[in-house]
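> Going down the list, the sequences are from chains A and B.
Going by our numbering, the first sequence opens with residue 1, and the numbers climb by one from there.
Going by our numbering, the second sequence opens with residue 1, and the numbers climb by one from there.
Keep in mind that the hints are not guaranteed to be accurate.
Chain A residues, not near chain B, derived (Cβ > 10 angstroms throughout) [as the list claims (entries may be wrong)]:
#	residue
1	Leu138
2	Ile181
3	Asn200
4	Glu204
5	Gln208
6	Asp212
7	Asp224
8	Gln273
9	Lys286
10	Ile291
11	Ser333
Within a straight-line C-alpha distance of at most 30 angstroms, the following computed BS3-like cross-link-like pairs (lysine-lysine) qualify [stated by the list, open to error]:
#	chain 1	residue 1	chain 2	residue 2
12	B	Lys86	A	Lys346
13	B	Lys49	A	Lys14
14	A	Lys67	A	Lys346
15	A	Lys256	A	Lys269
16	A	Lys18	B	Lys99
17	A	Lys359	B	Lys8
18	B	Lys122	B	Lys49
19	A	Lys5	A	Lys209
20	A	Lys158	A	Lys347
21	B	Lys86	A	Lys14
22	B	Lys86	A	Lys347
Note that these hints are calculated values from the structure, not bench results.
Yeah, the Cβ is synthetic: ideal placement off N, Cα and C, and Gly gets one too.
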Amino acid sequence: MENIKTALYNLHQKHGAKFVPFAGYQMPIQYSTGIIEEHKSTRENAGIFDVSHMGQLFIKGDDTLAKNLEKIFPAELNKAKLNQSKYSFLMNEEAGIYDDLIITKVEGGFNIVLNAACKNTDFKLLSKLLENKYEMILSEELSLIAIQGPKAVEILEKIINGVSDLKFMNGDTFNYLKENIYITRSGYTGEDGFEISIKNDDAEVFVQKLIDEGASLIGLGARDTLRLEAGLCLYGHDMDVNKSPVEANLKWAISKNRILEGGFIGCEKIKSQIEKGVSKIRVGIKPEGRIIAREKTSIFNEDDKNIGEITSGTFGPSVQAPVAMGYVENAFSKIDTKVFLEVRGKKYPAIISNLPFYKKSYVKGANK
Amino acid sequence: MSEVRYSKKHEWIKLDGDIAVIGITQHATEMLGDIVFVELPEIGSSVVKDGNAGVVESTKAASDIYTPVSGEIIENNQSIVDDPAKVNNDPENEAWFFKLKITDKSEMDSLMNKEEYEKFSKESGS
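Please put together the full structure from these sequences, using the hints given.
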């Protein structure tokens, strides 16, 4: 089967994109300037990301929908305010993660943004779990564009009036070319930014405007270095169906009230993991020197015992050092614990580190 | 000093007497992207034609470096270990990888000249 091209394919090409197949899509991994320049321009200015491969699901429903979604997701959806976004998980009974996603309460229902590789199976599973009671639309007519970085707000405000009033993890409907488009203040880089859901037909002209205002296109390569510096998980690597949110160190994303109430899939397992602890947990890992420890690198303790495995690792262009995350036995998960990473047959020292590796103070008022 | 020769693995080699300087080509750096890590063979170690002689890593992946001829490593370029970006900036001059004492000069015969290499790298595409 041929890979799907997004509505921005021609624009990517014009900017010298190198394409890679990703979850059934033909996506730009980098443009002519290269990953490090793209990374830095996002941290210092504003980067544009084509994330149209991700699933944009709208579930239409009345008051019963929030209650029924709470039987699936561990987030407080019934109490969610209009336009509020929540980071959550689709899990099995064992709390294994099928997908991590962002749920936003909108007029008449909920928007859910899904990972590209998971969106079709998520759709089927959600239809089944909701017993086909609600209309569900997994859009093929919408592109999803992210703009991230310290200048993102000022650039986007020039094109769409009012976006600067959005609070972090909130969305709203805005008027653009006489159309209603939905924008959330969120992202995947550790920077302030927005995700804009826009009709495929309007996407290219819109992105060209962002470029004209000074933002630049960023590929999947820099998206990976940016999110890793920000300590954010990549589904299929840092979490999967064999890991729970507690093991993935994302327990903050599970509402305490929802754990007390119970009644969502995987709840019992989550409860018991929080009470009894988990045997392995996701941590940040900083190799000493410049050695890069990539996915599947074995982690050892000082007694040469294998205690875990790296799930993502690269060189962090902003921290100017290699960065990684992975799972280690709980006893070795404390910050500053000394560990060793086996790279090409040799063991290199590293320490368990706080996440994120790169921290930025968000714009005042944006992060509440 | 002899002319620069090139290998199919995208290394260049310049021979002066029985001392060869070896690095990777501009074309190789363009395929690799931004280089962020370099590992070089140790001084005094022996390397064999087409065998491993170091590693470079970009933000995305690790790639082995091969030696186009056999010999004993007599020098390696620490400056590219400390600042790997130099490899992208000047791969065919300042950012040489290592120098070795060549064991068998006839190994040079199978390598390409500049014109042949340019044709080869164009045809091998990517």
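> If a hint holds in the structure, say so; if it does not, say that too.
Verification of the supplied hints:
1. Separation of Leu138/A from chain B is adequate, the least Cβ-Cβ distance of about 30 angstroms exceeding the 10 angstroms criterion.
2. The claim that Ile181/A is not at the interface with chain B holds, since no C-beta of that chain comes within 10 angstroms of its own (minimum 33 angstroms).
3. Non-interface call for Asn200/A relative to chain B: holds, since the shortest CB-CB distance, roughly 29 angstroms, exceeds 10 angstroms.
4. Every C-beta of chain B lies more than 10 angstroms from that of Glu204/A, the closest at about 26 angstroms, which supports listing it as non-interface.
5. The claim that Gln208/A is not at the interface with chain B holds, since no C-beta of that chain comes within 10 angstroms of its own (minimum 26 angstroms).
6. Taking the minimum C-beta to C-beta distance to chain B, about 27 angstroms, the non-interface status of Asp212/A holds against the 10 angstroms cut.
7. The beta carbon of Asp224/A sits about 8 angstroms from the closest Cβ of chain B, which is not more than 10 angstroms, so the claim that it is off the interface is violated.
8. With a least CB separation of 34 angstroms from chain B, Gln273/A remains clear of the 10 angstroms interface cut-off, as annotated.
9. Look at Lys286/A: its CB is around 15 angstroms from the nearest CB on chain B, clear of 10 angstroms, so calling it non-interface holds up.
10. A beta-carbon of chain B is positioned within 10 angstroms of the beta-carbon of Ile291/A; the least distance is around 7 angstroms.
11. Interface exclusion of Ser333/A from chain B stands, the closest Cβ pair being 26 angstroms apart, more than 10 angstroms.
12. Taking the CA atoms of Lys86/B and Lys346/A, the gap is about 25 angstroms. The hint holds against a cut of 30 angstroms.
13. In summary, the hint linking Lys49/B to Lys14/A is not supported, as the alpha carbons are separated by about 41 angstroms, beyond the 30 angstroms threshold.
14. Between Lys67/A and Lys346/A the CA atoms are separated by roughly 53 angstroms; this puts the pair beyond 30 angstroms, and the hint is violated.
15. For the given pair, Lys256/A sits about 14 angstroms from Lys269/A by alpha-carbon distance, which is consistent with the 30 angstroms threshold.
16. Note on Lys18/A and Lys99/B: the hinted pairing is violated, with a Cα-Cα distance of about 34 angstroms set against a maximum of 30 angstroms.
17. With a C-alpha separation of about 44 angstroms, the suggested pair Lys359/A and Lys8/B falls outside the 30 angstroms cut-off, and the hint is violated.
18. Annotation: proposed proximity of Lys122/B to Lys49/B holds, straight-line Cα distance about 24 angstroms (limit 30 angstroms).
19. Distance restraint check for Lys5/A and Lys209/A: the Cα-Cα separation of roughly 21 angstroms lies within the 30 angstroms cut-off, and the hinted pair is therefore satisfied.
20. Using a Cα cut-off of 30 angstroms, the hinted pair Lys158/A and Lys347/A is violated, with the two alpha carbons roughly 52 angstroms apart.
21. Restraint check for Lys86/B and Lys14/A: the C-alpha separation of about 28 angstroms stays at or below 30 angstroms, so the hint holds.
22. Restraint check for Lys86/B and Lys347/A: the C-alpha separation of about 26 angstroms stays at or below 30 angstroms, so the hint holds.
In terms of the numbered hints stated before, the structure departs from hints 7, 10, 13, 14, 16, 17, 20, listed from lowest to highest.
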